[in-house]
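These protein sequence lines are chains A, B and C, in that order. Residue numbering for the first sequence follows my numbering, starting at 22 and increasing by one per position. Residue numbering for the second sequence follows my numbering, starting at 22 and increasing by one per position. Residue numbering for the third sequence follows my numbering, starting at 22 and increasing by one per position.
Treat the hints with care, as some may be off.
One copy or any two copies: either way a pair holds, since identical chains are not told apart in the list.
The calculated DSBU-like cross-link candidates involving lysine-lysine, where the alpha carbons are at most 30 Å apart (straight line), are [unchecked claim]:
{"#": "1", "residue 1": "K184", "residue 2": "K48"}
{"#": "2", "residue 1": "K170", "residue 2": "K48"}
{"#": "3", "residue 1": "K172", "residue 2": "K184"}
None of these hints come from the bench; they were simulated from the model.
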Amino acid sequence: EVTLHWLYVAVMFGSAVAFMVMSRDPKTVPQYKYLIHIMVVVWSGLAYSALAMGQGTTEVAGDTVMYARYIDWVVTTPLLLLSLTLTGKYTIQMHGPVTAGLMGSQVIMIVTGLVAELSTGFAKWYWYIAGCIALLVVLWLFWGPLLEKAKSQDKAIEDVYRKSATYLTVQWLAYPLVWLIGTQGLGLLNTTATTTLFILLPIISKAGFGFFNLMLLRNLPDSVK
Amino acid sequence: EVTLHWLYVAVMFGSAVAFMVMSRDPKTVPQYKYLIHIMVVVWSGLAYSALAMGQGTTEVAGDTVMYARYIDWVVTTPLLLLSLTLTGKYTIQMHGPVTAGLMGSQVIMIVTGLVAELSTGFAKWYWYIAGCIALLVVLWLFWGPLLEKAKSQDKAIEDVYRKSATYLTVQWLAYPLVWLIGTQGLGLLNTTATTTLFILLPIISKAGFGFFNLMLLRNLPDSVK
Amino acid sequence: EVTLHWLYVAVMFGSAVAFMVMSRDPKTVPQYKYLIHIMVVVWSGLAYSALAMGQGTTEVAGDTVMYARYIDWVVTTPLLLLSLTLTGKYTIQMHGPVTAGLMGSQVIMIVTGLVAELSTGFAKWYWYIAGCIALLVVLWLFWGPLLEKAKSQDKAIEDVYRKSATYLTVQWLAYPLVWLIGTQGLGLLNTTATTTLFILLPIISKAGFGFFNLMLLRNLPDSVK
Ligand SMILES: CC1=C(/C=C/C(C)=C/C=C/C(C)=C/C=O)C(C)(C)CCC1
Ligand SMILES: CC1=C(/C=C/C(C)=C/C=C/C(C)=C/C=O)C(C)(C)CCC1
Ligand SMILES: CC1=C(/C=C/C(C)=C/C=C/C(C)=C/C=O)C(C)(C)CCC1
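Extracted from the complex, chain A is given alone in its bound form:
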């Protein structure tokens, strides 16, 4: 698992370099989009190198809790959502209640997830369900108000938004599922399987989504940017 964690770190830092190179030739995609994705992979790489060095874990009722994951998520997931928001409002102004609502629900989701992982018995499931409700709010914002904004723009931008939102929706549903069947939940998977999944998933949702979203935006016809 140590090797896997270091591999993850290498992928993240490698992606950071790739995003930097891409940002030199931004193709009219705004610099802050690149910046967001660089931050996401750098922060996550740092958090997982703590895990690789045996740091960022604690014991709860005999189980190892890797709280470094939550330190990762609490920063990177709002950034990923911010990237999606910027996609949805590509040529519109970004501030507003939808962005604020997304960030708020997202932070609540991660914090309740961490508390769930640190709790046992009834409290564990109380917090897990609270996190899932926050997730539903996030998904509702994806497909309700934010989609509206995207629709008010050029068809090509709406299209990029729909693809990006689908990508994130699938990812966002996978995490609580892995959590549920993993060691911290029902314990259907063992530690190695859980750890491996929590290494594969974020590669797809962080580095993968970065490339996916940036590529789509870079390939937009110049007329709509």
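Since chain A is already given, all that's left is putting chains B and C with the ligands on it; use the hints.
Using the frame of chain A, we list chains B and C with the ligands on its own:
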């Protein structure tokens, strides 16, 4: 006390639903005002459900410190102040040094309060007094620069501002008072009394203020909004 | 050392009062510049009064770690950079990727520094080097994109920017150096020497920089403000 805490949680989540319903028919009050008050009661409801399940407490010198209260306050009090600021600058742009100063002082006030609660002897009172000074700064901003802004607008808006600021001033003074006579301060009240007060007060200052402020704004004549 | 810490607190709170007095006669320097520097010294004064009262420290492998320093830095260094950014874009709009990049790298630098201080062996140096890389990013932003912005303005403003950035660059290089030779690093200095340096340095970089930067801006000819 467990029952009281769950009751509090129910009131908060109930208020959240009520605010959501109100936001469906916003009466030209901006959506972010509703969002702020929803966030306040949801976050507080979550923090107090930790207390209800016996979480979020620690021992200092033999006394139980309910630090979950501070996790609540550090998020909700800046949001409440933000709501007040938006009232004072109702039709003006919100950014600016006054808002930043309010947020900064408010965070300092809560953090010093938490450190006070975790300290003993001289240090306890040093931090308590630091918190009170931060409170004075907050109140000065209420009744100085922010009132100026409110005055520069329609008389009806100034009026809403004055009422809302009075409401918050009374509340903001009550907390350090309860703290002082409660178990964490001079110990004139016992644990049950302190806990009960810290359940009643936030219902008034969170759910209560939300309804109070939103109602006043909703009833403004359309001409000034 | 207790006396030294209290002395530091006195200098900080004294500077806060001085900045407040200066802000009464702002000489067209915007109020938020004063506010930023007041926040910096107040927050730092509070953090060091914890140290003066023997709080904010923990033991790692037999050594005392004064983590209160990092609580100080994580708030004050972004604020100082914000002040510099505002200098560089004096009459231009402040938002944008450069400010965000600076804040992000700065927070990473302080957090990795704290983790380094709490780690031992290989991990300690991994985190220290990560922090130094973040520092290089910060300095690159100082002398690359931000200098560009400053250049796009009046020569007098560019000049203030250059002086302020030089001041901060020297300071920013001194901290990791003291860290390296101090007790938490190679241990060439003893505790008293390290503590004293970490009291002298921040007086120069917080109170000192505040006066330096504000004075330069106040003395700008009215025509360029
Ligand atoms: C709903 C829910 C969860 C969802 C977590 C998610 C959706 C995490 C996403 C992380 C990402 C995308 C990281 C970066 O790639 C938890 C906290 C597991 C448990 C509580 C309920
Ligand atoms: C001045 C002061 C305090 C004030 C606390 C306040 C004013 C809390 C307000 C909380 C609210 C309004 C919560 C949500 O409803 C403390 C921290 C007790 C102790 C330190 C001194
Ligand atoms: C690069 C680096 C560091 C730099 C710290 C700095 C630059 C601190 C500046 C503090 C200031 C300016 C405080 C307020 O005056 C650490 C964290 C020591 C260690 C890790 C590597």
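Here is what the structure says about each hint:
1. Proximity of K184 to K48 under the C-alpha cut-off of 30 Å is restricted to the intra-copy arrangement: shortest distance 20 Å within a copy versus 35 Å between copies.
2. For the homomeric pair K170 and K48, the shortest alpha-carbon distances inside one copy (23 Å) and between copies (22 Å) are both at most 30 Å.
3. Taking the shortest Cα distances, K172 and K184 sit within 30 Å of each other inside one copy (13 Å), while across copies they are farther apart (41 Å).
Of the numbered hints stated above, none is contradicted by the structure.
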